[in-house]
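K.L.:
Based on the hints, put chain B in the right spot on chain A.
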Amino acid sequence: MSHPDSAVVAFEALRRTTLSRQRGQALIGLLVFSAILLVSFQRSQFFSSDIGGDPMGRVADFLDRMVPNLRSDALLADRGTEGSLAWWFYDLPLWLRLGWQTVEMAILATVLGTVGALAASFLCARNLMPFAPVRFVVRRGLEALRTLPELILALILVAAFGVGPLAGVITLAISTMGGLGKLFSEINEEIDPRQLEALTAAGAGPVSRIRYGVIPQVLPNYASYALIRLEGNLAGAAALGIVGAGGIGLELQRAITYTEFDTYLAILLLIVGMIFLIDIGSEALRHRLIGLGADK
Amino acid sequence: MTVESRSQAMAIAPQAMRARPRLAVMASIIGGLLALFAMAWDLQLAPGSLFSGLDKLALFGAAAIPPSDGGQLPRILKALGETFAMAFAGTCLAAVAALPLGVLGAKTVISQPVVHFAFRRLLDWFRGVPALVWALILVSAFGLGPFGGVVALALADVPSLAKLFSEAIENCDSKPMEGVRSAGASPLSELRYGLAPQVAPVMASQCLYFLEGNFRNAAVLGIVGAGGIGFELEERIRIFAFDEALFIIALYMICVAGLDTLSQKLRARLA
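Heads up: the protein sequence lines correspond to chains A and B, in order. To convert, note that position 82 of the first sequence is 82 in our numbering; the numbers rise steadily by one, no gaps. To convert, note that position 68 of the second sequence is 68 in our numbering; the numbers rise steadily by one, no gaps.
Just chain A, same shape as in the assembly:
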C-alpha cells in the first residue's frame, strides 16, 4: 500500500542526491577555479617578482612625489615661484593646446567611425541585407576590428603614418567603426517592419527604404550611442599619445620618462577634468535626444 511516508522518503532521497550532486559540482568548480588562480598568480609572478624591499614604502614615497609641494603663502604667485599653482602647472598653455588636440582627435574619429559604422550596419542587418554571405563577411570583419586592441593598432599605424595625430584619428575611427557597427546593426534589426513594408509596397528602392523607413526610427539611438562612444574615444585619444599618436598622452609619457611625477598628476587631473566635462555635455545631449525620440 502506498504510504504517505513513502512519498516523503522518495522526496528525501531525491533531495539528498540533488544536494550531493550540486555540492560535487560546486566542489569541482571551486577546485578548477583555485587551480587557475594559483597558476595565474604563479605565472604573473605576483608573489615572487622582485619589486624591491618595502613595496608599501615605495608606493607611499611615490605618492608623496606625485603630490606637489604647494605652499599656501605662494599659491597664486607666478611660474617662477616654487610652490605656486602656476609652478605646478608650469606648461599649462601647451597642455591645454594638446588637450584641445585630443578633443579634436576624438571628435573627428567619432564622426568618421560613425559614418563607417552606418554603412557597415546596413550591410549586416538581417532585415535590410537579404544576401547572407555579405552579412557574414561584414559581421566577422567588425568582430575582428573589435578584438584588435586600440593601442596595438596605433603602434602599427604610427609606424606607417608617422608620429602625430593622423595615426591616432585613424586608429580611433577604426575601433569606433567596429564597436558602433555591431550596435547599429542591432538597432536596425529592432525597427518596426511596417514602415518598411509600406515603402516597399509603394515601390521604393533600397536607398529610399533606408532614408524614409529606417533613419527616422533609429536616428536618436544612433546619436546616443555615438555620443557615448565620443566619451570613450576621448579617454582613448589621451592614452594613444603614449605610443606617439598625438594629443596630451605624449606629455603624460614625457612626464613619466623624466620622472616629473607631480607634472604627471597635473596632466592626469587635466585629462580627468576634460573627460568629466565631455561626459556632462554629452549626457545632457543624449538625454535630450532620447526625450525627443520618446515624444515622437
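None of these hints come from the bench; they were simulated from the model. Treat the numbers as computed from the prediction; the structure is a model and nothing was measured. Glycine residues also receive a C-beta, built at the ideal position from the N, C-alpha and C atoms. Careful, some of the hints might be misleading.
[Said to hold, decoys possible] Quick partial rundown of chain A residues pointing at chain B, CB under 10 Å, derived from the structure:
1. SER44
2. ARG58
3. ASP61
4. GLU150
5. ILE187
6. ILE191
P.N.:
Frame of chain A; chain B shown alone:
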C-alpha cells in the same frame, strides 16, 4: 494671419512651409562639416601624409605575409599565458576588493544620502583613470614586469565593479531575506540564504565580463613594460618584423575569441 487662413495656406503650399526647417538642417550640416574640416586643418591631417602612410601600410602588409613564428613559438605561448594570468589574477583581486566597496555603495546598506552620493562620486572619479595610466605609474614604481600590470588591471576595475556590485545589491528582492529572517535565522544566514543566491550569479557574470575586457587590456599593458604578449608584439613592430607581429596578433585574436565564447557560455548558464 487667422487660424483658418493659416491652415488653408498649409494645404495650398506645404512645401513652402517646410522649406524653412529644411534650410536650417542644411545650414547645420554644412556648419558641422566646416567645423570638422577646421579641426582636421588644426591637426594638420594632410592628404599627402595619408596617402604615403597608406603606401607604407601596404608594404607592411606585404612584409607580413606569410606570417611566421620566427622559431619562437614556445616563448610567444608563454607570453600569451602570462597575459591571461595577469588578466585572471587582476580580475580576482579586483573582485575581492570591490565586494566590500560594493556593499558600502549600495543605497540599501548605507541610506544616508550625502555619504552615498560622496562615495559614488569618488568611485566615478577613479573610474576615469584607465588601466594604462595606472600601469605607467606602477611600472615606474615597481619596475618592468607583470606585477605592475596585475595591480594596474585590478585598480582600474575596482571602481566599476564596485558600482555594478552595489547596483546588484540594490536591485535584489528583499522578500527572501525577510523570509529567512522571519524563520529566526541569524544575520549571517540571512545574507547566505537570502541575499547571496540573488546576487552571486550576477556578480560572477560581471566578473567574467571584466575578465574578457582585462584579457584585452593586459595585452596593451605590455606596451608600457608590464610584460606579457604586448611586450613581445611591441618589440616586433619596433623592428618592423611584421610577419612575426601578424602571427602574434592572429594567435592573440583567436585566444580572445575563444575566451569570449567560453565566458559567454558560462554567463548564459549563470543567468
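K.L.:
For each hint, tell me whether it holds in the structure or not.
P.N.:
Structure-based check of all given hints:
{"no.": "1", "hint": "SER44", "result": "holds (4 Å)"}
{"no.": "2", "hint": "ARG58", "result": "holds (6 Å)"}
{"no.": "3", "hint": "ASP61", "result": "holds (8 Å)"}
{"no.": "4", "hint": "GLU150", "result": "holds (8 Å)"}
{"no.": "5", "hint": "ILE187", "result": "violated (21 Å)"}
{"no.": "6", "hint": "ILE191", "result": "violated (22 Å)"}
Checked against the numbered hints above, the structure violates hints 5, 6; every other hint is satisfied.
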